[in-house]
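Trainee: Sequence:
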Amino acid sequence: MAYEVVVVGSANVDLVLPVQRIPRPGETVLAGAMTRGPGGKGANQAVASARAGAGTAMVVALGDDEGGALLRGALEGVDLSLATTSEAPTGTAIITVEESGENSIVVAPGANGELTLSPAALAAIGQAKIVLSQLEIPFATVQAAAAASKYFILNAAPAAELSDDLLAEVDLLVVNETEAEAIAGPDRSALLKKVPAAVVTLGGAGAVILTRDLDGSGEIAVPGVPVEVVDTTAAGDTFCGVLAATLTAASANDSITGSDLTNAVRRANVAASLSVQAAGAIPSVPHGDAIDARYAEVYL
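Those letters in the sequence shown? Residues 72 to 371, by the working numbering.
Treat the hints with care, since some could be wrong.
Pairwise CB distance ranges (calculated) [stated by the list, open to error]:
#1 E158 x A292: 43 to 51 Å
#2 L371 x D258: 14 to 22 Å
#3 V100 x P209: 31 to 39 Å
#4 D135 x G295: 36 to 44 Å
Keep in mind the hints are simulated off the structure, nothing from the lab. In this text the structure is predicted, and so the values were computed from the model without any measurement. The beta carbon of each residue, even a glycine, is placed where N, CA and C say it ideally should be.
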């Protein structure tokens with residue numbers, strides 16, 4: 072079966088601690104009641120892609136434990152026929168969320184660190200319109216997925232230095248400002264020396280598109296959608312999943328133009344703005360009808 076989007080990535084059980092503010096090094100703070108829920112960059116992005124309307128499968132490793140069962144149940148609308156069960160425990164993320172909605176996250180990869188690509192996974196990756204991956208899984212697995220893809224989107228998170236061999240396989244790089252600096256230094260335009268196109272997300276300020284051929288060239292700013300923020304935990308992942316899902320229509324024409332990318336970033340921006348108005352990771356990811364209704368209000 073050919074999928075529109077295949078996500079090769081992580082899945083975690085999120086342990087969320089609400090705090091007045093994120094602690095500084097060496098400091099202890101008290102938290103409110105802890106909540107436990109499904110998350111992980113890959114899982115969040117896969118659900119976002121599926122809810123945005125794309126036929127989506129996920130290549131993921133889960134533990135044979137309660138966390139794995141929780142995630143299998145939470146990956147609504149995502150084909151898990153390519154998921155594998157690991158002897159390692161399901162990944163865990165500890166997330167502190169302060170009153171402003173900003174967060175900090177520490178991840179214990181667990182089964183995510185064991186993820187490899189089976190022949191069936193490689194075949195699905197090769198047939199998909201879009202493949203989307205992140206860096207909470209082994210770099211070797213990311214590179215193998217990239218090499219097998221028709222169009223590969225890398226969300227280079229968490230921030231890391233990446234090899235030129237991996238970047239040579241990337242069609243579209245999605246990073247925040249910290250991740251962009253880890254790859255290209257302080258001048259974000261230097262990203263285009265490494266990849267043909269990039270989207271740099273700017274939190275509530277929106278995003279910037281950089282591409283070597285942006286229907287002319289240059290940098291396009293896509294402003295954010297102002298909202299009252301509750302929790303930013305899955306905002307970036309919602310952005311990436313909806314971006315990938317929206318680009319599947321453009322990829323059907325065998326080329327993605329600058330205008331295609333701009334429209335997809337706008338839709339992803341809207342989706343991220345909806346996600347930050349709700350708490351949690353997967354529970355905060357909006358559905359396509361809500362995204363499109365808000366898109367019409369903002370852009371049409």
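Trainee: Determine for every hint whether it applies to the structure shown.
Mentor: Comparing the hints with the structure gives:
1. E158 x A292: 43 to 51 Å: holds (47 Å)
2. L371 x D258: 14 to 22 Å: violated (35 Å)
3. V100 x P209: 31 to 39 Å: Given about 33 Å between the Cβ atoms, the range holds.
4. D135 x G295: 36 to 44 Å: Given range 36 to 44 Å: holds, Cβ gap about 41 Å.
The structure does not agree with numbered hint 2 stated previously, though it agrees with all others.
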